[in-house]
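All chains should be built: construct the whole structure from the sequences, respecting the hints.
Number of protein chains: 2
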Amino acid sequence: MPSRFLRALRREPIDCTPVWLMRQAGRYLPEYRATRARAGDFLTLCKTPELACEVTLQPLKRFPLDAAILFSDILTIPDAMGLGLVLDEGVGPRLKHPLTTPDQLTRIGQPDPERELRYVTDAVRLIKRELQGHTPLIGFAGSPWTLATYMIEGGSDRDFKRTKAWLYGAPEALHRLLAILAEAVTQYLNAQIAAGVEAVMIFDTWGGALTTPAYQEFSLTYMRKIVAGLSSGTPSIVFTKGGGMWLEYIAATGCTTVGLDWSTDIGAARRRIGAQVSLQGNLDPAILRAPIPRLEQEIDTILAGYGSGSGHVFNLGHGITPDIDPEQVGAMVERVHLASRAFHVQP
Amino acid sequence: MPSRFLRALRREPIDCTPVWLMRQAGRYLPEYRATRARAGDFLTLCKTPELACEVTLQPLKRFPLDAAILFSDILTIPDAMGLGLVLDEGVGPRLKHPLTTPDQLTRIGQPDPERELRYVTDAVRLIKRELQGHTPLIGFAGSPWTLATYMIEGGSDRDFKRTKAWLYGAPEALHRLLAILAEAVTQYLNAQIAAGVEAVMIFDTWGGALTTPAYQEFSLTYMRKIVAGLSSGTPSIVFTKGGGMWLEYIAATGCTTVGLDWSTDIGAARRRIGAQVSLQGNLDPAILRAPIPRLEQEIDTILAGYGSGSGHVFNLGHGITPDIDPEQVGAMVERVHLASRAFHVQP
Chain D
1 MPSRFLRALR REPIDCTPVW LMRQAGRYLP EYRATRARAG DFLTLCKTPE
51 LACEVTLQPL KRFPLDAAIL FSDILTIPDA MGLGLVLDEG VGPRLKHPLT
101 TPDQLTRIGQ PDPERELRYV TDAVRLIKRE LQGHTPLIGF AGSPWTLATY
151 MIEGGSDRDF KRTKAWLYGA PEALHRLLAI LAEAVTQYLN AQIAAGVEAV
201 MIFDTWGGAL TTPAYQEFSL TYMRKIVAGL SSGTPSIVFT KGGGMWLEYI
251 AATGCTTVGL DWSTDIGAAR RRIGAQVSLQ GNLDPAILRA PIPRLEQEID
301 TILAGYGSGS GHVFNLGHGI TPDIDPEQVG AMVERVHLAS RAFHVQP
Chain F
1 MPSRFLRALR REPIDCTPVW LMRQAGRYLP EYRATRARAG DFLTLCKTPE
51 LACEVTLQPL KRFPLDAAIL FSDILTIPDA MGLGLVLDEG VGPRLKHPLT
101 TPDQLTRIGQ PDPERELRYV TDAVRLIKRE LQGHTPLIGF AGSPWTLATY
151 MIEGGSDRDF KRTKAWLYGA PEALHRLLAI LAEAVTQYLN AQIAAGVEAV
201 MIFDTWGGAL TTPAYQEFSL TYMRKIVAGL SSGTPSIVFT KGGGMWLEYI
251 AATGCTTVGL DWSTDIGAAR RRIGAQVSLQ GNLDPAILRA PIPRLEQEID
301 TILAGYGSGS GHVFNLGHGI TPDIDPEQVG AMVERVHLAS RAFHVQP
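Note that the protein sequences, when read in sequence, are chains D and F.
In this text, residue positions in the first sequence follow the working numbering: the first is 1, and each later residue adds one.
In this text, residue positions in the second sequence follow the working numbering: the first is 1, and each later residue adds one.
For the record, the hints were derived by calculation from the structure and aren't laboratory data.
Errors might be hidden in some of the hints.
Since the list gives no way to pick one copy over another, a pair counts as held whenever it fits inside one copy or between any two copies.
Unchecked claim - List of simulated lysine-lysine pairs, DSS-like, C-alpha gap at most 30 Å:
#1 61 to 241
#2 161 to 61
#3 96 to 61
In this text, all values refer to a predicted model and were calculated from it rather than measured experimentally.
The following block contains the structure:
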C-alpha cells in the first residue's frame, strides 16, 4: 500500500496528515553539521553520494517524517552546464561564470543527467536502498526561471536587474535559455525518477518577482512543459514563493500538488483550487522559534484551515532556518500527526 | 478646481491618468546627488527643511508629474523616539538603539510632531510655498508593523527573526508597540496635513512577510486605526508590498486608494475592489531599463488593464532605482499622459 504521503498527494483516504519540512536535512541538525564538517565544504557534500545519502536520512532517524527529500541543491544544473557553482553557507550561492550577455548562450549545452549529474542519481539509488521502501523519496529541481536568474545574475540580486534586462530587452534570448533549462530539468527529474524518487518538486523561488503576465510567460510556461514531460504517473509538486495570487494558474499546469508559502491562507487556497490539486504547506518557519503551545495553536489553525479529508501535505511555507532547535521540529511532527486525525476518517 | 491627481484618488472625471513615481526625488537624478553631496549625508538632507524642499521639487522641474511627494524617510518616527537613525545609502537604514527585549518598551514615548519632527512640517510648509498650489503634495509615513520591524531588528532582516519572536512569543508587547506607533503615525500625518499636504500614503513595506491572519492582526488593524484618525477629508493611499492577495482587506480599511506592487494584475485588482477604492500603480521598476518601445508597451498594458474611467493613479510598483536614466522617466510620464487620454472622456 502506498505511503500516507503519496496517498495525500493524490487525495486518497489517509489516517492522518503527512508531514515533511523543506530543508529538513540541514544546518539546524548537529549531526548534519558534523557530516558537513567532515565533507569540508557544501559542494563536496552535494557531490559525494554517500554523504548526500547520510544527511538525507538524518532527519528521518530523529522524527517520524512521512517523506525524505534528496539532499542536493537547485544549482546542480547550471553547474553541470559549466557555470561553476560556489556554495558558501551563510552567503548565498554563486556561479563563477554567469551569462553576461545573450550571445553567451552558445556556451550552454544539455547536460547528460547520467554523466555530469551522475552523483545525484547515484545518491538517489543509495538512499533508496537504505530506505528499503519504508519512506517515499522526493526528488527536486529549480524552475527554469529561478535557475535563469542565478545564471544571469551570478548569484542573488534583490531586484533581478540583469535578468529583467534580458526579459524586457532581449526576451527571445531569455526564452531560448528557458527552453534549454526546461529540457534539462525534465531530463534531470526523469533521471531521478528512473533512479527511484517517487515524487518530484519544482522550486520556483523567484517567480514572485515577476509581473502577472511575465510570470505566465517566463516561469509558468516552462514549469507546465516540465510537468507534461515527466515520466508518466509520477506526482509533481509546484511551488512558487510569493505566488499566492496565481494559484489557479499553477494548478492548471497539470501538477498533482501546489506548494503554498506561509502568506497564503490555506483554507482560501483549497476553496480556489482544491478540487483540482492537493496542497502542501504552509507554516511560517519563524513560528518554530515560539513556545510549543503557540506552535501547536498555529499548526491546528492550518489543519482546520484545510479542513476534512485527504489532499493536504503539511510542511513549512519555506525552508527551515539553521537556528531552530530540533526539539521544536519533533513537537511539530508529533502535533501534525496527532491533531490531524480528527480531519480524517479512521479505519 | 482640484488637481487631476486628487480627482483620480476620488474617482472623479479627469482628462488623462495622473502619474508620479515612488522615490521620484532620488539618486537617479544628478541634481539630487549634487544636493545630497552638499548636505554631506542623507540624514542631514532629511533634517534640513530647505534641502528637503529643494530635492522634493527637483523631479517636478524635469517632468510634468501630477504630484510631489515630501522628501523624507519612514524612519523619522523611530528616530524621534530616540532609537538613533543611521542612513547610509547603499546599505539599508539602521537604528542604533533597537528594542532588544519587550521590557524596553518603557523607553518609547509619543513624539510631538511639531517639536521632534518639526523639520518635517517645516519642510512641508516650505514646499507648499514653492509649489504655489500648482501641484498637490503627498505626505507619508511607514505602517506601524513596518516601523516595528526596524525598531526590533535594528535594520532589515530577511526573515524578521526578532520581530516574529515578539509576534509569536510576546504578542501583547508587540501590540503595545504597534498601538504606540499607530498613535504616533496618526499625529504625524495629521501634522503633515495641518502643514499643507493634500493626501497621505502609508508604506507597509514588510506586511507581505506575514501570514494572512497575522497580517490582519498586526498590520492591517493599525493601518485602519490611522486611516480612521486622519483629519477629515484627506485622501489616503495604503500600500502593502506583497499584499496582492489581501486587496479586499486593505480596501476595507476605509482608505481612498490602494497601492499595488507590480506583481498584481491591475485589471483583476479593479474587478476585486474598484467599486470601493481607487488604485495606484503598478509598473515594474525594472522596465525603466528597457528600450522605450517596450516600456511604452508595458505602460499601455497597465492603462488598458485598468480600463476606462477615473480612479487610477499611475505609478511604479515600488521605488525607482538609482541606476535609471532620467530620460526614461520623461518618456514614461509623457506616455502615460498621452496614451491614457483614450480611457477618459475628453471635455
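Each hint tested on the structure:
1. Taking the closest pair of Cα atoms, residue 61 and residue 241 come within 30 Å of each other only inside a single copy of the chain (29 Å); across copies the shortest separation is 40 Å, beyond that limit.
2. Within a single copy, residue 161 and residue 61 get their C-alpha atoms only as close as 43 Å, which misses the 30 Å cut-off; across copies the closest is 28 Å, which meets it.
3. Taking identical chains as interchangeable, the C-alpha atoms of residue 96 and residue 61 are never at most 30 Å apart, the minima being 36 Å within one chain and 44 Å between chains.
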